[in-house]
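Protein chains: 2
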Amino acid sequence: MIRELMKLAGRPGLVSLGGGMPSVESFPTRAVEEACIRALRTSSSTALQYGTTEGLPMLREHIARRLATRGWAVDPTRVLITSGSQQGLDLVGKVLLEYGARVAVEAPTYLGALQAFAPYEALSTAVPCDGDGPLPGELPDDPGLRALYLIPNFQNPTGRCIPEARRATLAAAASGLALPLIEDDPYGDLWFDEAPPPPLASYWPEGTVYLGSLSKVLAPGLRLGFLVAPPSLYPLLVQAKQAADLHSSTFVQTVVLEMLRADMLEEHLQAVRARYRQGRDAMESALREHLSGHASWSTPAGGMFFWVQAHTGVDTARLLPAAVERGVSFVPGSAFHCAPGGEDSLRLSFVTETAERIEQGVATLAGLLRSASPN
Amino acid sequence: MIRELMKLAGRPGLVSLGGGMPSVESFPTRAVEEACIRALRTSSSTALQYGTTEGLPMLREHIARRLATRGWAVDPTRVLITSGSQQGLDLVGKVLLEYGARVAVEAPTYLGALQAFAPYEALSTAVPCDGDGPLPGELPDDPGLRALYLIPNFQNPTGRCIPEARRATLAAAASGLALPLIEDDPYGDLWFDEAPPPPLASYWPEGTVYLGSLSKVLAPGLRLGFLVAPPSLYPLLVQAKQAADLHSSTFVQTVVLEMLRADMLEEHLQAVRARYRQGRDAMESALREHLSGHASWSTPAGGMFFWVQAHTGVDTARLLPAAVERGVSFVPGSAFHCAPGGEDSLRLSFVTETAERIEQGVATLAGLLRSASPN
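From first to last, the protein sequence lines are chains E and U. Sequential numbering from 1 applies to the first sequence in this note's numbering. Sequential numbering from 1 applies to the second sequence in this note's numbering.
Here chain E stands alone, though its shape is the one from the complex (with noise of 0.2 Å):
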């Protein structure tokens, strides 16, 4: 159902507030071009050929470099180079999924990490969470459990932060369960006013596979994103690897490779995350003026997304079809739960859109809210 509506919210012309695509106007383009020349002229005999399943060394190494900066050392050698970090949910869940098996998630969350687990036949239940998180004394001792999967930075969809303390609890109560952590990350340095505190890896990097993604920070056409496993799910998830698709594209890794050599990223983020920094300010603003009192949310510190639940009572699944017919997509609640709920939230995204067509898309959305009817 989900997936038909959103078909509609394709429509071109409509203010997007539905999918998380990066503003074409923060890629990277001309940097990019340099890179592929650099990379072709320099480098054509490896750029072009097979490589190594677990990705370009010095790329590996990079991403080492710059997971030491969030505070968490890493060794390269643990660094495996994906397909996005999409991939790297589809490899967890060879590894650590079989039918029957269990993974634990938030509610709400990134359904895509479920539709890559689906294939495995393991079933998904929700964890408890708070605004800080889900709660450490409330993980599930089942013996079934194979993974508690989350996003601790600027969660999609609710945009929450896990804040440094309960990091420290959650990981603690997972190793004390032995139950593995999948940490998804993709938008970790979309921060606004701080960067995160570390990685849950940081805390318990024995029982943690990390995912890392490129799409955010340079592009998403780009498709290349990381993992960090430990010693005991390294080999496995580069085993798994091989089997789905040999390696990522040495070409796209050495054009990726020559950015970062070329220094341009910390320049390149800084001027992201102003742009969204100015969404989500946009976002807020049009919010408290048109939804005061008839929904609440929380203001994201980073990310791509505002979570508003409305408390009108509405099923805005049932809302979507109007407001493209007046011209704005968003994403229903229901789309990030696996069980039913969520029907009275909606997910906003502030990355795609120009500050004036956001206030616009938001005043019509409002709109229609104030005047739904609880069904």
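These are computed hints drawn from the structure, not numbers from a lab. You can take every hint at face value.
Now the in silico label distances, taken between C-beta atoms and shown as ranges:
# : chain 1 : residue 1 : chain 2 : residue 2 : range
1 : E       : R261      : U       : I37       : 17 to 27 Å
2 : E       : I37       : U       : P163      : 39 to 49 Å
3 : E       : P230      : U       : S232      : 35 to 45 Å
4 : U       : A339      : E       : T52       : 22 to 32 Å
A few chain U positions that, by computed beta-carbon distances, are all more than 12 Å from chain E:
#  : residue
5  : H62
6  : G137
7  : P143
8  : L179
9  : M264
10 : S285
11 : H294
12 : W297
13 : Q309
14 : A363
Keep in mind that this is a model prediction, so the values were computed, not measured. Just so it is clear, CB atoms sit at the ideal spot from N, CA and C, and this is done for glycine as well.
Following the hints, put chain U in place on chain E, whose structure we already have.
Chain U alone, transformed into the frame defined by chain E:
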């Protein structure tokens, strides 16, 4: 064991008759660079953005048009772009296989396919073959059998090309048993004298998933392939692909599309075929000179490999360390059998090295084979 042996064979400086790495000199580096610049200057908003799971529509059309020249009229909406044909194997495994199911394969065959199917916990079973391929009368009538996997053109490792008549009877037999075919065709464009017969998929499109690759004709480092599937399976494969990595790099897709539009492929393919034919000829004359009477082989009419069966009864895997010591690598025959088998065989690639080094490598190997005693 084979994995460890192959690490040995990766030692630099060896005469590599092992891996199927296309010669670096065959890469269209200049055309890739021009295509990158065009892609980024004219299509950066799509080339760097998220794309649809199915792939770029114009790239799918180009691929369908190319398949039409092979004698198979393909609807472009049935083409799915993949991250190399290895990913096609993984997706087909996800959709067709499950715990306890069986998949029929040629023996010997490409074990990377079995590695891709392994996570879905299916068992493989070998179909009896003769010099023309699998014997249609020997396809098992087994309700647990989910697919027949085969490589009809210049098979890896045997180099065998299934003749037209056998294709027709095989497709009819599979259709009679309602047994889906997985037709893996990475080498079909690498013919030396005449193009191979039309794909098996053209005989039974409703029951065949066809896997294609651009690795062997453009460059493996791009990691771009495709599959063509019948309407009954296509939506399931798209869903599996979305869960696996959302979509293949739109950047690489746009670059390849620009290359195809520039109409460079046919000319490039002619150069690649001429180069590989020289390698094949050099290997054939070296085998004749050094191994006549000690081993047997068939001369491949395309592809990348000779399959050599030693008459001495030696286990070729046991010869590999000595071969590497003397400066030559190859792949032992047992690496292509899912059950014990092929110990007296070896696969020799003629696409990586020059004619001179091929002659030198074969001479060295022949010395070892002739002096080896059966074990």
